[in-house]
Amino acid sequence: MRVVARDLVGWTLLVEGVGGVIVETEAYAPDDPASHTFGGRTSRNGTMFGPPGRLYVYRSYGVHWCANVVSGEEGVGAAVLLRALEPTTGLDAMRTRRGVDDPRLLAAGPGRLTQALAISGVHDGLDLAEPPFELVAPETTRGVVESPRVGITRATDRPWRYSLAGSIFVSRPRPRA
DNA sequence: GGTATGATTGACT
DNA sequence: GTCAATCATACCA
17 MRVVARDLVG WTLLVEGVGG VIVETEAYAP DDPASHTFGG RTSRNGTMFG
67 PPGRLYVYRS YGVHWCANVV SGEEGVGAAV LLRALEPTTG LDAMRTRRGV
117 DDPRLLAAGP GRLTQALAIS GVHDGLDLAE PPFELVAPET TRGVVESPRV
167 GITRATDRPW RYSLAGSIFV SRPRPRA
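Residue numbers (this note's numbering): 17 to 193.
Treat the hints loosely; a few may be bogus.
[As the list claims (entries may be wrong)] Pairwise CB distance ranges (calculated):
1. H80 to R170: 16 to 26 Å
2. D117 to P49: 35 to 45 Å
3. L107 to F54: 30 to 40 Å
No wet-lab data here; the hints were simulated from the structure.
The structure displayed is predicted, hence computed values, not measured ones.
Note that the Cβ used here is the ideal one computed from N, Cα and C, for glycine as well.
Please put together the full structure from these sequences, using the hints given.
Here is the structure:
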């Protein structure tokens with residue numbers, strides 16, 4: 017499952033033709049105190065217990081949407097949070113949605129990413145292999161670095177945050193390095 | 001039925 | 001650096 021999180025870095029994700037290269041992800045396991053699936057299945061995280069390859073979307077702080085890719089075996093309850101991506105396609109559309117011009121701010125962060133790609137609750141449970149989504153494997157695999165997770169209140173010491181080495185599009189809510 | 005909490009962001013001192 | 005916004009879901013009574 018952590019392998020999926022690492023492998024996902026570098027893939028290109030497009031939503032209705034708009035998107036970019038995934039540069040930062042975070043893994044969430046069933047036995048992870050910080051995971052939504054910790055403690056069993058609930059009405060909210062039902063998607064995470066479904067088939068892998070689906071999109072799990074939830075609202076954070078009542079203000080932002082966060083997008084995850086369900087991973088692992090069906091019924092396990094594991095997913096990978098998409099934390100940041102490098103805008104490559106549909107820059108203008110993303111600028112309009114985000115209201116900013118700097119490409120580095122278009123999708124550097126879970127909430128920003130969903131806003132830039134126009135992902136919301138209506139996409140929860142959809143298959144990423146089907147329209148309007150499009151996943152493209154990277155031609156070359158660049159260096160992926162492992163680091164402590166950020167933005168959560170529990171099990172923050174687990175090094176399950178994966179990001180593209182040297183990328184300037186990685187979110188840094190509370191950078192350590 | 002009522003209260004507590006968060007895998008965040010953006011604005012302000 | 002500090003703090004408020006804002007709401008779906010979780011959990012308790």
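Hints versus structure:
1. Evaluation of the 16 to 26 Å hint for H80 and R170 yields a pass: the beta carbon distance comes to about 19 Å.
2. A beta carbon spacing of about 39 Å between D117 and P49 agrees with the range 35 to 45 Å that was offered as a hint.
3. Checking the proposed 30 to 40 Å range against L107 and F54 shows it holds: the Cβ atoms sit about 37 Å from each other.
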